[in-house]
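With chain A held as given, fit chain B onto it using these hints.
2 protein chains.
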Amino acid sequence: MVQQSHFSSKIHRSWTTRLDSKKSRMAGISSYMNGKFIPTDKIVDPLQTLILPGDKVMLESVQKQADFLSRSLAQVDPKIVHDLHIIVMAIGRPDHLSIFEDGIAKKIDFSFAGPQSHRVSQLIEKGVLEVGAIHTYVELSARLFCDLTPNVCLVCAEYADRDGNLYTGANTEDTPSIIEATAFSNGIVVVQVNEIVDKLPRVDIPGGWVDVIVEADRPFAMEPIQTRDPKDITELQILTAMMIIKGIYAPHQVTKLNHGVGFSTAAVELLLPTYGAQLGLKGKICKNWILNPQPTLIPAIESGWVESVHSFGNEDGMQEYIKARPDIFFTGADGSLRSNRVFCQLAGHYAIDCFSGSTLQIDAEGNTSTVTIGRIAGFGGAPNLGSDAHGRRHSSPAWLSTITSDGPNVHGRKLVLQVVETFKAGGVPTFVPQLDAVQVGKDAGLPVAPIMVYGEDCTHIATEQGIAYLYKSDSLEERKEIVAAVAGVTSVGLSVSRNRVNELRRLGKVAYPEDLGVNRGEAKRSLLSARSMKDLVAWSDGLYQPPARFRNW
Amino acid sequence: MVQQSHFSSKIHRSWTTRLDSKKSRMAGISSYMNGKFIPTDKIVDPLQTLILPGDKVMLESVQKQADFLSRSLAQVDPKIVHDLHIIVMAIGRPDHLSIFEDGIAKKIDFSFAGPQSHRVSQLIEKGVLEVGAIHTYVELSARLFCDLTPNVCLVCAEYADRDGNLYTGANTEDTPSIIEATAFSNGIVVVQVNEIVDKLPRVDIPGGWVDVIVEADRPFAMEPIQTRDPKDITELQILTAMMIIKGIYAPHQVTKLNHGVGFSTAAVELLLPTYGAQLGLKGKICKNWILNPQPTLIPAIESGWVESVHSFGNEDGMQEYIKARPDIFFTGADGSLRSNRVFCQLAGHYAIDCFSGSTLQIDAEGNTSTVTIGRIAGFGGAPNLGSDAHGRRHSSPAWLSTITSDGPNVHGRKLVLQVVETFKAGGVPTFVPQLDAVQVGKDAGLPVAPIMVYGEDCTHIATEQGIAYLYKSDSLEERKEIVAAVAGVTSVGLSVSRNRVNELRRLGKVAYPEDLGVNRGEAKRSLLSARSMKDLVAWSDGLYQPPARFRNW
Chain A
1 MVQQSHFSSK IHRSWTTRLD SKKSRMAGIS SYMNGKFIPT DKIVDPLQTL ILPGDKVMLE
61 SVQKQADFLS RSLAQVDPKI VHDLHIIVMA IGRPDHLSIF EDGIAKKIDF SFAGPQSHRV
121 SQLIEKGVLE VGAIHTYVEL SARLFCDLTP NVCLVCAEYA DRDGNLYTGA NTEDTPSIIE
181 ATAFSNGIVV VQVNEIVDKL PRVDIPGGWV DVIVEADRPF AMEPIQTRDP KDITELQILT
241 AMMIIKGIYA PHQVTKLNHG VGFSTAAVEL LLPTYGAQLG LKGKICKNWI LNPQPTLIPA
301 IESGWVESVH SFGNEDGMQE YIKARPDIFF TGADGSLRSN RVFCQLAGHY AIDCFSGSTL
361 QIDAEGNTST VTIGRIAGFG GAPNLGSDAH GRRHSSPAWL STITSDGPNV HGRKLVLQVV
421 ETFKAGGVPT FVPQLDAVQV GKDAGLPVAP IMVYGEDCTH IATEQGIAYL YKSDSLEERK
481 EIVAAVAGVT SVGLSVSRNR VNELRRLGKV AYPEDLGVNR GEAKRSLLSA RSMKDLVAWS
541 DGLYQPPARF RNW
Chain B
1 MVQQSHFSSK IHRSWTTRLD SKKSRMAGIS SYMNGKFIPT DKIVDPLQTL ILPGDKVMLE
61 SVQKQADFLS RSLAQVDPKI VHDLHIIVMA IGRPDHLSIF EDGIAKKIDF SFAGPQSHRV
121 SQLIEKGVLE VGAIHTYVEL SARLFCDLTP NVCLVCAEYA DRDGNLYTGA NTEDTPSIIE
181 ATAFSNGIVV VQVNEIVDKL PRVDIPGGWV DVIVEADRPF AMEPIQTRDP KDITELQILT
241 AMMIIKGIYA PHQVTKLNHG VGFSTAAVEL LLPTYGAQLG LKGKICKNWI LNPQPTLIPA
301 IESGWVESVH SFGNEDGMQE YIKARPDIFF TGADGSLRSN RVFCQLAGHY AIDCFSGSTL
361 QIDAEGNTST VTIGRIAGFG GAPNLGSDAH GRRHSSPAWL STITSDGPNV HGRKLVLQVV
421 ETFKAGGVPT FVPQLDAVQV GKDAGLPVAP IMVYGEDCTH IATEQGIAYL YKSDSLEERK
481 EIVAAVAGVT SVGLSVSRNR VNELRRLGKV AYPEDLGVNR GEAKRSLLSA RSMKDLVAWS
541 DGLYQPPARF RNW
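Read top to bottom, the protein sequences are chains A and B. Its first residue numbered 1, the first sequence is counted upward by one per residue in our numbering. Its first residue numbered 1, the second sequence is counted upward by one per residue in our numbering.
A hint or two may mislead.
To be verified - Ranges of calculated distance between the beta carbons of each label pair, as one might list FRET restraints:
1. A:Lys-424 <-> B:Gly-127: 55 to 65 Å
2. A:Asp-443 <-> B:Ser-405: 15 to 25 Å
3. A:Ser-395 <-> B:Gln-122: 14 to 24 Å
4. B:Ile-373 <-> A:Gly-521: 52 to 62 Å
5. B:Asn-519 <-> A:Ser-24: 40 to 50 Å
6. B:Pro-547 <-> A:Pro-219: 46 to 56 Å
7. B:Ser-497 <-> A:Gly-374: 52 to 62 Å
Claimed, not checked - Below, computed lysine-lysine pairings styled on DSBU-like, alpha-carbon distance capped at 35 Å:
8. B:Lys-472 <-> A:Lys-107
9. A:Lys-472 <-> B:Lys-472
10. B:Lys-23 <-> A:Lys-287
11. B:Lys-107 <-> A:Lys-284
12. B:Lys-284 <-> A:Lys-107
13. B:Lys-199 <-> A:Lys-22
14. B:Lys-107 <-> A:Lys-323
15. B:Lys-534 <-> B:Lys-287
16. B:Lys-282 <-> A:Lys-22
17. B:Lys-282 <-> A:Lys-442
18. A:Lys-199 <-> B:Lys-23
19. A:Lys-442 <-> B:Lys-287
20. A:Lys-323 <-> B:Lys-106
21. B:Lys-22 <-> A:Lys-282
22. B:Lys-480 <-> A:Lys-480
23. A:Lys-287 <-> B:Lys-79
24. A:Lys-126 <-> B:Lys-284
25. B:Lys-10 <-> A:Lys-282
Hints listed in this document are in silico derivations from the structure and should not be mistaken for laboratory results. Every residue, glycine too, gets a C-beta built ideally from N, C-alpha and C.
Pulled out of the complex, with its shape left as it was, chain A reads as follows (with noise of 0.2 Å):
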């Protein structure tokens, strides 16, 4: 028998409150409900009821955003709705932060700010915003099932059915995620849809999962945020880009990989057809992708040096293209594009060999940032990508070939590659003694420097200069020489003497073009398989149809 003294600490309260709030808060829209549906312009009132001061309430929003919902939330009153807390991947529009300084909201967890970062940092100084993290958006995502549950969530969807079944279609990304972690806590899930239709292209969401449907006033906005056009890639970027194929991806093996946002690594893109095939490389790198459908990946697909390729979400102007090419991208029956940032984030972390991505200082430990002074910018996916996972299990070649030790307990690990400039424009150098980010993160209060990838988990720096192979560095002292060895001519590359740049070279700890048999002359604009948008269009039979922005015929 239990003992009684025991049974006394058993509580007597109700288990089912947030199940019973709710209904109540249900109850109190049931007026301007048709279904599970509310006319476009009534939503400011149902939202005042739906949420309640101090709820945790999660905003859909990184390339696609649930823009009609936020801005109106932005409307709703400060006296009804206060001292929200705000959960949001990327602080992307204005309305995001209004609803701070309208006192509507008050804390805030996040993972990247983008265009809004100078006035974040001025919001926090303010003491306007209180900001519980900043996190990669992985780990937002689960930290909903763990301890940021929201009550309720604004997400966006592109049609709905009478059912309040959802299609997400291309745009699928946070919509599943978000939803799971609202719907099956008791949290109300309210979505904005582009249109209302009698039968969906394919059922993304069951609508089952949906408590709160409205007709958005236009469709959701949307950034084409991994696109970069060909005519912008500099000679520069070419040559580290064939020292990043020559003397990474080849010897290393790379089959399984990640490109961050950047046109270096776009110029790695563009040169697997040339550069890469006269290498005889075609085959043996570069094979299943993590990677937003990028329109600079298209010449590469067709001339099939590219088995898979799974998004986060989508880009706009592929949508034909991606059509077209089922066996390369995931797709739904409809023939669209099916993303997920969450599953394409896990691969990017457990599955793949290689994360290459850019950064906007690096110091002399190989730490990187992209926090810089008076932006506090968040990372997005590069501190998942760009780490290595401890909990890995499989092995691969590229993941066996970071090894450099004996013994019986050794492990291999992800490549995690910073490509930059050693001078950013402006001259201002990339390369410095110490992070911005470590200031920064003084003087807002964070608890430690908002750092991207560690100085530890960075394998390799690829600038204009040469290869940084820091995994094999055998003490923190050198592996600040080797980083220092790729620096040109900033404060951190002059702290090396030539001498020992010729040592570490002559060890293979850092490489320059003539050690790796790249030729400097050849890194000329002709080697990119595409040099303008119109050549990608090309490439692709012309499927893929480039934003306005991008076109000039």
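Showing chain B alone in chain A's frame:
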């Protein structure tokens, strides 16, 4: 214009081979189909048509097992279907291996072998089984979206409706992620259901994602693998649990956590309402759980310690209790659990502060493994839960409490605790100079030794002797001394001098019960809030209904 020479690399191929193959396979079974349905006694022939030699075939199996489909697969003609590449989370059934002996399958990628681990070792040795790799669960899920995308998946659900929508109910587990990877890559989704019904309690998977449904000959197999009977908890385990609460959870302020399956962590759960309450820790530790609905958590829930539980899978007997406690568990509109292994593992990697689990061996450097001679068991979820998440960027008091140095770039880490007794049953030492895994890995031709938790990730070890604070070590040598200090009279334990141990205790790098103020005399079974299954039933107000094997009344 694109240079003509570049365009010459454009290849001409079909880009719809997977879709075409799917259409042709589905057409081949049309005579068996009534809508999406195939009669129970006709499934073997269609499987022979749907599955082609060399296919990647995913079998669902952890707690919930698509056993009707795996038994049916074992009946296909190896002359027709052979050389399959099987992907399975857990090798849980004899038929998972007989298909290799019969020549139907050739290669396997898996995460856990459990009761089949001995036979797995034998089949590898005989060359019958070719192992792709041994994974952690979530890592294998990740590869489904990258380089291990199934051609066909064989999964299970409780019910299907006439439109093919699925109800997975409490045992959702891996079904959504397996189906998503297969359905959106033009693979074929085959589902066994316990029953076909007119109306589902809720829709877990939309019918549009499903190709073939068959009613199984009997309900899918289930294992209550997480249930531990309190009657089997020993006083040594209680002593260890007291040290974990007072020496780890309290000082580190562990609020978000996962417990592995084991009696020592069950003891921690059962001590919260008694010992934990005496220490005044209620509301301060152990609030948000990533855990299957383990019955030993009931007293902590009933006494108000627990705010939330998200689960990998279900646990038999807990259905009515879960339904009555929706504030705590993630449940659907029908009141039953919504588990989801991928999301739960994700939260276990990125959201929690602490993983506590047991193991079979620990080496002198703190590496651990459950692989022992003659058995390749795999690790399930442990490597993912039991590793530091280098991509994590949010702070918590627990995470920050592990920082032991100054400097601008420091960061916290996850607490990874391994709980063991210094000797196992039969006087076999748990602490060993070198893990058996090293030899097993060599014998099986694995590229690296199958280590479960690496010493570099393990922050604490708890034994009946005391707590080792490995994260405080300032060198590998010191880490070895700290491990030895809690290793009792094993050869590892005897390698450190008593003087050195006393110094480590003074430095706070090791703590014995008396250092923590834990009274050995208090470590009695009477301190457990429940000492039997009957006690757990009483705590649950009769809602918990233990499976027959756990009942003696």
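Verification of the hints:
1. A:Lys-424 <-> B:Gly-127: 55 to 65 Å: 56 Å, holds
2. A:Asp-443 <-> B:Ser-405: 15 to 25 Å: Holds, since Asp-443 (chain A) and Ser-405 (chain B) (Cβ atoms, about 22 Å apart) stay within the stated range.
3. A:Ser-395 <-> B:Gln-122: 14 to 24 Å: 22 Å, holds
4. B:Ile-373 <-> A:Gly-521: 52 to 62 Å: 59 Å, holds
5. B:Asn-519 <-> A:Ser-24: 40 to 50 Å: Distance hint for Asn-519 (chain B), Ser-24 (chain A) holds at roughly 49 Å.
6. B:Pro-547 <-> A:Pro-219: 46 to 56 Å: 52 Å, holds
7. B:Ser-497 <-> A:Gly-374: 52 to 62 Å: The hint (52 to 62 Å, Cβ to Cβ) holds, given that Ser-497 (chain B) and Gly-374 (chain A) are roughly 55 Å apart.
8. B:Lys-472 <-> A:Lys-107: 34 Å, holds
9. A:Lys-472 <-> B:Lys-472: Holds - the C-alpha atoms of Lys-472 (chain B) and Lys-472 (chain A) are around 26 Å apart, at most 35 Å.
10. B:Lys-23 <-> A:Lys-287: Distance ~26 Å between Lys-23 (chain B) and Lys-287 (chain A) Cα, so the pair holds.
11. B:Lys-107 <-> A:Lys-284: Holds, at about 22 Å.
12. B:Lys-284 <-> A:Lys-107: 22 Å, holds
13. B:Lys-199 <-> A:Lys-22: 24 Å, holds
14. B:Lys-107 <-> A:Lys-323: 32 Å, holds
15. B:Lys-534 <-> B:Lys-287: It holds: about 25 Å lies between the C-alpha atoms, which stays within 35 Å.
16. B:Lys-282 <-> A:Lys-22: Satisfied, since the Cα-Cα distance of roughly 28 Å is no more than 35 Å.
17. B:Lys-282 <-> A:Lys-442: 33 Å, holds
18. A:Lys-199 <-> B:Lys-23: 23 Å, holds
19. A:Lys-442 <-> B:Lys-287: 30 Å, holds
20. A:Lys-323 <-> B:Lys-106: Measuring from Cα to Cα gives roughly 34 Å; hence the hint holds.
21. B:Lys-22 <-> A:Lys-282: 28 Å, holds
22. B:Lys-480 <-> A:Lys-480: 28 Å, holds
23. A:Lys-287 <-> B:Lys-79: 32 Å, holds
24. A:Lys-126 <-> B:Lys-284: At roughly 31 Å apart (the allowed maximum being 35 Å), Lys-284 (chain B) and Lys-126 (chain A) satisfy the hint.
25. B:Lys-10 <-> A:Lys-282: 13 Å, holds
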